[in-house]
Structures are given as structure tokens and as C-alpha cells.
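Now for the letters of each chain:
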Amino acid sequence: MPNDNKQKPILIVNQSAPYGNANAKESLDLALASSAFEQALSILFTGDGIYQLLPKQSPDDIQSKNLLQMLKALPIYGVEQLYVDQQSLTERGITELDTQLPIVLVNSVEISRLYHDAQTVFRF
Amino acid sequence: MIFSVLVLGAPYSSGASYSAYRFAQAALDADHNESHNKNHSANHNECHTIHRIFFYQDGIHSSSQLATPPQDEFNLYQAWQDLQSTYDLDLVTCIAAAVRRGVIDSGEAKRHNKLQHNMSTNFSLSGLGQLVEANALSDRVITFGR
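Chains A and B are the protein sequences, given in the same order.
Quick note on numbering: the numbering used here labels position 74 of the first sequence as 74, and the sequence is numbered without any gaps.
Quick note on numbering: the numbering used here labels position 90 of the second sequence as 90, and the sequence is numbered without any gaps.
It is worth saying that the hints were derived from the structure and are not from the lab.
Check each hint, because a few of them may be wrong.
Claimed, not checked - Computed from the model, here is a short list of chain A residues facing chain B with C-beta under 7 angstroms:
hint, residue
1, 8
2, 26
3, 33
4, 34
5, 39
6, 67
7, 83
8, 120
9, 123
To be verified - Calculated pairs, DSSO-like style, for lysine-lysine (alpha carbon to alpha carbon, straight line, at most 30 angstroms):
hint, chain 1, residue 1, chain 2, residue 2
10, B, 114, A, 65
11, A, 72, A, 8
12, A, 72, B, 114
Idealized CB from N, CA, C, for every residue including glycine.
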């Protein structure tokens, strides 16, 4: 893999609810791959993507793997913060997210900074 | 400029694969024209290369060898294969995304005890690390399908 000066910071934007399609799962796979290769990575949850962070998910009932459990593992892979769009929470009346996730609420100015700081944006 | 391309949409169901194909063709043709026509209006200093084209999510269906569009329609599958052999492009299909969607090469067929395989030999199966590496080594990654 390339050395550090070849690093191109990645922003992954999650805007899909989990389980209804493969976006959340395949976004997570890319996040894990990025961190395995020690790339600078930020992850933003916005729109329906915030539903990925709801506590008490029971995807066993639909024969799916628990994505929340996998999101909780991200700090082990060096992803220390998950950025969450405050406005998306407000619009959907969501007040409670999983407390074990390293969540940082961000406003539109901070979101624009995340985009600005990224060299590449992957949206799921 | 060094480009890499990410294709996320299935051919025909979405325009992603076709748009990605046209993008790749345009980038490589611009390079071609530049060396053959000095008066071409395109930037003379601009020399484009495509480091890799990565097929992920439903984009992996572009690498199927079995898809057979009607004869009076544009055959996007064949077009990708031709583009690959013309320019010796690195077309990489995400192995995790492809295997779970039923696009496999002979090696995966053997590994998973399947009698058939259906992936075009113009594509290679590999992991997401190839996308991460493409991002690190390219000036731009252009996504089609989102």
C-alpha cells in the first residue's frame, strides 16, 4: 500500500436505513477495508442513514446480521468518531441513539467541513 | 490526470454502468486524440489514464458473461469486455459483492462447489482493498450509480 503522503482522506456518507437494502452493510464493508489499509476515514450518517444507529435492533427476526454490533466495532478499527447529522434526527423525531457508539452530532456547517476535508466521498 | 471509476448500479436497470463506460471511453479517447491531433481543442497537456474500474454493489452484474441483450440493442457487457482488451484496463469486481449475487469465476466455482461459473475473463475478482488502493493512487475517483 502507498505511504502516508499518498493518503486521500475518505468520507463515507450513509443515507440509507439498514436491512431494507444492502447499502448499510456494503458501506460498512468499505469502511472496514479503508481502515484495514490505514486510510484517513470519516463516516457521516444523514437522512435515513441515522436509523442504522437506533438502539435495540433485532435483525435476527429477518435472518439478518446485526449491523449495529458491527458499527460498534469500528473504534477497534481506528474509526474513533461517527458523525451524525443533527437535522436528520430532528426531522425524524429521533431522540435516542445507541449509547455505546462514539457519536458526534454535527450541524450543516460542520457537515460542509467534512465534505471539504475529504478527497473522496462515497455515498451509500 | 489519473482516474479510477466506481460502478455501483446494475446494467440496464440503472444508467450507471453505461455512463461509467462512456466516461472511461471519453477519458481514454481524449488521451488518444491528443497524441494524434495536435489541433484538438482538448487540453494538450491533459493526459488521462484510468488506473482501475471497480465494480461494487449491483455494479458487479456488468461482469456477467451470460447476460445476453437483444441483438438490436447496445451490448454493454460486450462493450466493457472490448474496452478492457483495447486499453488493457484493470476491471475489478468486488468478490464479496459478486459471490453473494451469483457472479463467480472458475476459481470461486471450484471453491464453492458450483458446477457453473459466469464471470467474464476480462474482469478479475478481488477485494475492497483494490478500491481503497485505487483511491490512494488516483487523482480522482468517479462514482457512477449514486
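Practice task
Just pull the numbers of the violated hints for me, sorted ascending.
Solution key: 6, 7 and 12
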